[in-house]
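Enquirer: These are the residues of each chain, in order.
Protein chains: 4
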Amino acid sequence: MNISGQLTVDDLPRVCPLLCRQTNPGYGGDQTRVVEVGGVRFGNGSPVVIAGPCAVESHEQTLAVARAVKHAGADMLRGGAYKPRTSPHDFQGMGVEGLCILRIAREETGLPIVTEVMDTRLVEQVAQYADMLQIGSRNMQNYPLLAEVGRAGKPVLLKRGMAASLGEWLGAAEYIAKQGNLNIVLCERGIKAFAAGEYSRYVLDLNVIPAVLANTFLPVIVDPSHATGVASMVEPASRAALEFGSHGLLIEVADFATGRPRCDADQAIDGKTLARIVKFAHHRHEQLLFARQAA
Amino acid sequence: MNISGQLTVDDLPRVCPLLCRQTNPGYGGDQTRVVEVGGVRFGNGSPVVIAGPCAVESHEQTLAVARAVKHAGADMLRGGAYKPRTSPHDFQGMGVEGLCILRIAREETGLPIVTEVMDTRLVEQVAQYADMLQIGSRNMQNYPLLAEVGRAGKPVLLKRGMAASLGEWLGAAEYIAKQGNLNIVLCERGIKAFAAGEYSRYVLDLNVIPAVLANTFLPVIVDPSHATGVASMVEPASRAALEFGSHGLLIEVADFATGRPRCDADQAIDGKTLARIVKFAHHRHEQLLFARQAA
Amino acid sequence: MNISGQLTVDDLPRVCPLLCRQTNPGYGGDQTRVVEVGGVRFGNGSPVVIAGPCAVESHEQTLAVARAVKHAGADMLRGGAYKPRTSPHDFQGMGVEGLCILRIAREETGLPIVTEVMDTRLVEQVAQYADMLQIGSRNMQNYPLLAEVGRAGKPVLLKRGMAASLGEWLGAAEYIAKQGNLNIVLCERGIKAFAAGEYSRYVLDLNVIPAVLANTFLPVIVDPSHATGVASMVEPASRAALEFGSHGLLIEVADFATGRPRCDADQAIDGKTLARIVKFAHHRHEQLLFARQAA
Amino acid sequence: MNISGQLTVDDLPRVCPLLCRQTNPGYGGDQTRVVEVGGVRFGNGSPVVIAGPCAVESHEQTLAVARAVKHAGADMLRGGAYKPRTSPHDFQGMGVEGLCILRIAREETGLPIVTEVMDTRLVEQVAQYADMLQIGSRNMQNYPLLAEVGRAGKPVLLKRGMAASLGEWLGAAEYIAKQGNLNIVLCERGIKAFAAGEYSRYVLDLNVIPAVLANTFLPVIVDPSHATGVASMVEPASRAALEFGSHGLLIEVADFATGRPRCDADQAIDGKTLARIVKFAHHRHEQLLFARQAA
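Protein chains in written order, with my numbering: chain D, 1 to 295; chain L, 296 to 590; chain A, 591 to 885; chain R, 886 to 1180.
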């Protein structure tokens, strides 16, 4: 019985020769490529915390959250202007108006911005506003979009598909790399499994982090908000991700004073919790550095 | 513990009001909308068999397969001119040249053609050649693409994402419907689960067929080639799909005399096997009709 | 990265040398061992239909269902005297009293009986009443129990664990075989996957049927009741299983006139539906025989 | 469409009234029951580290590992005398001789012992040697065994089934509790999902830890060895588990100087790595205590 199309880790040198450790000995056994976004450096050792609202809903809400994110010590601002929603009748994001609001938030806070792009025809527009382009989980295998963001000259945040194998994920990244753009940061965001839905939204798959580090030189971060879907799990999931070697975090934050978010409200944390996570990230990084030097 | 974003069957009237049975009582409890493609009618009772090569690889190969498909009695021809592949270094399809070959095959055989489109910017081009536009599993939640094919004025074959829930699948179809295009045929093609990869490529989920029929008036077919990934399983899977109420089949066929296919060769059947499947489909339909009239 | 404990189909000759086709060339490429239970023959070509209540709840209920099962033309009677339930506070079955009722039902109908045993200390007792011992899905890897039923001298129905790989399932069967008992019938009953629970109880994995047939000489049947959990899906699932080469069916039936069953009522069918399934099974078998002779 | 047998978190008060927070307000909102095993206290705040060989293979190997475990500062010794193996032809453990060796190891090191029992008829025997009885993943729903260990008067370590929902897991614990034994410690050990096998043995599901803590007063620990199946992932997985609130760890250790283990060698760590994990566990606990007092 032969089965078509099954990939294993052994296929990676063929699937993603531009990104695979085996075919890129220059990165040594364990070095990570540093991806720089507006002065923020992924893969540099110090974890990068990206935080912000699920969606840009208004000027007021976005600025309030952006200030909280800045105040908490996070490194970058996230926020969706174009939102992929399960139903076309749900709020789809503010579009270009949302991008403008994000630019204002960046000007005020100085935080670089990452935002999702879903449409090849909008890559150029979004790239004018964003410091980093996000490919969402549902578009991980939207290959024309991957090629387009590869050509846009901006760093890319590539989320893992919700049922993507490691081989499929790195194959997707290779589409970006093939356009000459190696400034890619991977992002684990939870997978589908029988357990998803009973007590958490997805199953947070942290085992994939060391597997990514062993097989590619790209940095990898974790989105604990989608991977759990439960606000009270975001902080422990963030710490756990860092213990597993994640180069950063992507977190949804709300300013509950200005109102309940229109999407994914149950998984949003407040600024105070974010500040504890940022503090942990920095402190933990120093500890690990110190331990390595002592060893 | 509240969990964001979990859908159940009860959410369907909100997620897909244009397609949901509950919000469209005009279709009665069990009637299916007939979707017509070049004279072929889906949902009409008689199962539609679509067959053809995985990819259009050459004029010779495509015509040979198309003749075998016609000879076997199938209703429509499939074949990929644009192929979504896990690695960008794999064969990506012949593009517009492939579309031309498909047109020639249609002219010779008279079979209407379904072919995949992956890029919003190519929808118009592909729509000029194809009788039906296919959205592949990886693009099931590529919402700009869904809207674009919705506007193209051609019937759409919407494959289920490999980890899509029923709610996510019907939500995706609703994006097409929202553009005024209700000529949508759904296609189950196997899901990801722990068992996938040991003895079959995906897990064929036939339980979803009656669930689709109970919740929407759209026709639904099954792709036994991807759902099994094993040529010898395609025939039993086809018969099983029809027993479950599938309105048709989408099958990969090869002409091994002209050479081994460049993609998914292990799951391709030959014309003789296809002919048996077609015969079964027609015979079984008559039996069921007769049984219903007798009851 | 080495990973402990991953089995593939290639490991089967080592995992289950007593049952594996490769190590038992005497069975030819595709012959099945015939397992006989009170005159009923599994693997003999003609599909065996086992039907009956989920649990033996009373003398009246069991006899009513048994008569309906007999009347519908089924071959064997099923019914649980010992019920494995998720909570210890749920009805656990009638125990030895239930076994007595099953014996009475057998005397009246002449149908051989299969019933579940969960406790090594009760194997002897259950074996005195039953013609075939059932190992349930939750006990598929209860190895002391497998060895004990292997020694009991009765044929065994071994259900697949709800997340068991093919290798784990055949390894479990090998525990029975190692005691000198090769009278084993395998039973697929649905697996756990992300899709389970939205529209069906488990995911019916029919791809495993040809994989079983290719890798062992044991007969294999399908339980469409648990695999779907929805009464209206049981009939199509039964037909689909037979199309996939299943040697039989294990179906839950209720006599709704005598009351709603205390467990799994939503998946029980009535005698009339069972009769249609039996008729289909016989008719379909003759068709296939005829087709093979003609070929 | 009604589906039989689907549990949600809302069913817990009915499924496990003896263990559920909602039906046991005496434990407050977040208090954990302390389970004591030979002076070691689970749920007491300080994480319990249990370590030892996968299987007891010889006196020499077990004593060497036990000394390394003691030296590393762990709290308890694990080791299998009865091993559930996928094939009956694999090493099944040393049985009672293995229990004797474990007793010697306890006498020498002073470490309490946990070991698996698989057979109701051996519960009394194993209970004479062990301080804590382990129910393995494959026997999580072996209800007669659960009842028997419930009656044995020893604390129980109940591993989660590899595809068990939270409801099924707590339902299994309730079988033990129903016998009057509330000294139960739960243990997450990885689940089956599409991702299992590509880069790790199972998918480590840490989201379940806060879900357990929210729904029952029982302590819960994590087995990072089986959940990853890769030795180099055990240390990060251990730290991550503690960040998620795990009350302890169950870790496989080998003494590679005395030879490669006969089972699960790829997931065993050495004593030095274990020592780092123990140190982290203690240090982290003090930090969290301090942080809570400061807050």
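These are calculated hints, taken from the structure and not from any lab test.
Note that beta-carbon positions come from the ideal geometry of N, C-alpha and C, so glycine has one too.
It is possible that some hints are incorrect.
Claimed, not checked - Covered stretches of chain D, going by a simulated chain L footprint (3 or more residues, C-beta under 8 angstroms): (1) 100–112; (2) 189–203.
Stated by the list, open to error - Calculated pairs, DSS-like style, for lysine-lysine (alpha carbon to alpha carbon, straight line, at most 30 angstroms): (3) L/473 <-> L/365; (4) A/660 <-> L/574; (5) A/768 <-> A/660; (6) D/70 <-> D/279; (7) D/279 <-> R/1039; (8) R/1164 <-> R/1063.
Unchecked claim - Residues on chain R that point at chain D, a partial pick, calculated with CB under 10 angstroms: (9) 898; (10) 919; (11) 921; (12) 948; (13) 949; (14) 1007; (15) 1010; (16) 1048; (17) 1050; (18) 1083; (19) 1084; (20) 1093; (21) 1115; (22) 1124; (23) 1167.
Enquirer: Hints first: check each against the structure and report whether it holds.
Expert: Against the structure, the hints:
no., hint, in the structure
1, 100–112, "violated (count 0)"
2, 189–203, "holds (count 5)"
3, L/473 <-> L/365, "35 angstroms, violated"
4, A/660 <-> L/574, "34 angstroms, violated"
5, A/768 <-> A/660, "35 angstroms, violated"
6, D/70 <-> D/279, "13 angstroms, holds"
7, D/279 <-> R/1039, "43 angstroms, violated"
8, R/1164 <-> R/1063, "37 angstroms, violated"
9, 898, "15 angstroms, violated"
10, 919, "22 angstroms, violated"
11, 921, "26 angstroms, violated"
12, 948, "29 angstroms, violated"
13, 949, "25 angstroms, violated"
14, 1007, "32 angstroms, violated"
15, 1010, "35 angstroms, violated"
16, 1048, "6 angstroms, holds"
17, 1050, "5 angstroms, holds"
18, 1083, "5 angstroms, holds"
19, 1084, "3 angstroms, holds"
20, 1093, "7 angstroms, holds"
21, 1115, "8 angstroms, holds"
22, 1124, "4 angstroms, holds"
23, 1167, "15 angstroms, violated"
Consistency with the previously given hints fails for numbers 1, 3, 4, 5, 7, 8, 9, 10, 11, 12, 13, 14, 15, 23, ordered from lowest to highest.
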